[in-house]
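Counting in full-length UniProt numbering, the sequence shown runs from 1 upward without gaps.
Please note that a few of the clues may not be correct.
Stated by the list, open to error - Calculated cross-link-like contacts (lysine-lysine; reagent style DSBU-like; alpha-carbon spacing at most 35 Å):
id: 1; residue 1: K260; residue 2: K210
id: 2; residue 1: K207; residue 2: K376
id: 3; residue 1: K210; residue 2: K376
id: 4; residue 1: K354; residue 2: K376
id: 5; residue 1: K354; residue 2: K260
id: 6; residue 1: K207; residue 2: K260
id: 7; residue 1: K210; residue 2: K354
As the list claims (entries may be wrong) - Taking CB as the label site, the calculated pair distances span:
id: 8; residue 1: K207; residue 2: L300; range: 43 to 53 Å
id: 9; residue 1: I328; residue 2: I214; range: 22 to 32 Å
id: 10; residue 1: V357; residue 2: R146; range: 37 to 47 Å
id: 11; residue 1: G205; residue 2: F296; range: 49 to 59 Å
id: 12; residue 1: F299; residue 2: K210; range: 13 to 23 Å
id: 13; residue 1: C102; residue 2: A365; range: 42 to 52 Å
id: 14; residue 1: V286; residue 2: D147; range: 33 to 43 Å
id: 15; residue 1: D147; residue 2: I352; range: 19 to 29 Å
id: 16; residue 1: I214; residue 2: Y334; range: 10 to 20 Å
Honestly, the hints are just simulated from the structure, not real lab data. In this text, a Cβ means the ideal position worked out from N, Cα and C, and glycines have one as well.
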Amino acid sequence: MSTPLPPPRSPDSDSPPLQLVPSQPQPSADVLPFPRPPADASSALPLHSPDTPPDVSRNVSPGVTNPQASADASKRRPFNLPRHFPFGLPATRSGRVALALCVVYLVWGSTYMAVHLSLESFPPLMLSGLRNFFAGIGLFIFAARRDPVWPTFAEVRNAAAVGTLLVGLSSGMLAFGMRTVETGTAAVMVATVPLFATVIAAIAGRKVAKGEWIAVGLGLIGIALLNHGDPSSGSTAGSLAILCGALFWAAGSFLAGRLKLPSDLLVSTALQISLGGAMATVVAWVSGERIVSMAFTPFLAYLYLMLVGSMAAYVAYAYLIRHTSPIIASSCMYVNPVVAVVIGALFLGEVITKWTVMATLIILASVALSFWFDYKRRGLV
1 MSTPLPPPRS PDSDSPPLQL VPSQPQPSAD VLPFPRPPAD ASSALPLHSP
51 DTPPDVSRNV SPGVTNPQAS ADASKRRPFN LPRHFPFGLP ATRSGRVALA
101 LCVVYLVWGS TYMAVHLSLE SFPPLMLSGL RNFFAGIGLF IFAARRDPVW
151 PTFAEVRNAA AVGTLLVGLS SGMLAFGMRT VETGTAAVMV ATVPLFATVI
201 AAIAGRKVAK GEWIAVGLGL IGIALLNHGD PSSGSTAGSL AILCGALFWA
251 AGSFLAGRLK LPSDLLVSTA LQISLGGAMA TVVAWVSGER IVSMAFTPFL
301 AYLYLMLVGS MAAYVAYAYL IRHTSPIIAS SCMYVNPVVA VVIGALFLGE
351 VITKWTVMAT LIILASVALS FWFDYKRRGL V
């Protein structure tokens with residue numbers, strides 16, 4: 001999903017949770033769609049991609065997590081935005097936080113339209129694979145210049161497994177579904193990741209409060225309303241594909257909270273994105289996907305997804321994970337769907353019906369309720 005990013009503690013324990021989201025006492029991976037942001041900014045880890053939601057609590061990339069955050073904290077270099085940009089960055093911390101929020105809000109909210117345009121020339125799984133593979137390589141080159149702590153073979157293997165779920169399968173299913181589902185609808189559906197995370201946590205044995213089940217129920221009602229009035233088989237199949245993508249993202253975040261991943265935020269994110277993208281590309285090629293022709297607009301949309309939607313947005317999200325609270329870092333979960341709905345209406349002529357508005361409000365309320373109970377369970381509120 002654009003998508004894209006990246007966490008917190010494991011869902012069945014009281015220790016810090018997930019990743020393409022951060023690592024510390026932050027929203028646990030069992031409730032947040034992307035790797036979650038850490039409660040302690042200094043130990044936060046990877047990200048999520050909105051078109052898959054960033055994610056959001058440990059080593060996250062749109063979403064990626066690292067459970068060993070505290071153990072490796074002494075080895076980690078402080079994360080800051082790159083100093084050399086073609087434009088000047090705000091001089092104050094508050095200014096940089098504001099800029100990072102704008103990037104995450106607007107960029108990840110706009111990636112849905114970029115995916116829609118790219119699909120005119122790219123097959124869905126190939127689009128997800130190539131976009132994330134090259135973006136991951138770019139981030140890895142940037143990370144290597146910071147003299148990071150290099151990962152072990154086991155950490156690379158784990159990053160590949162998590163990246164396949166978070167990036168390859170999740171983003172691939174989103175792109176597949178968006179062939180028949182409008183961008184705004186897709187973005188709202190992706191916001192259900194925390195609800196799937198709650199269900200996975202319950203299956204894994206964590207005690208889930210009644211309020212969390214109410215949040216899941218509200219989310220299901222919102223999804224039903226979102227598809228109201230559009231019973232076509234194509235739309236139904238596309239919606240199921242997008243929901244499967246949200247499920248893969250939640251499963252990847254859960255797995256990230258239980259595996260040992262690279263301690264360096266950018267290295268972990270880069271590995272998850274690039275290896276997940278590589279896996280998706282191989283599967284796409286083996287399954288017969290080919291790029292037959294390339295138009296100018298789809299190619300520009302692809303470049304935007306790779307350079308801005310993945311690389312720039314993940315760097316901004318990583319900055320938020322390290323320098324703000326989990327609530328602020330994960331606020332993109334509420335803003336991205338709204339941005340996607342507005343952009344779809346303005347530039348693609350998508351119709352905003354009363355059902356779309358009602359479903360969006362209900363789903364976002366369910367996500368907010370899910371987050372609140374998760375924070376309460378971990379003593380953050």
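Item to check | Hints violated by the structure (listed by number, smallest first) | outcome: Per hint list: 5, 12, 13 and 15 violated.
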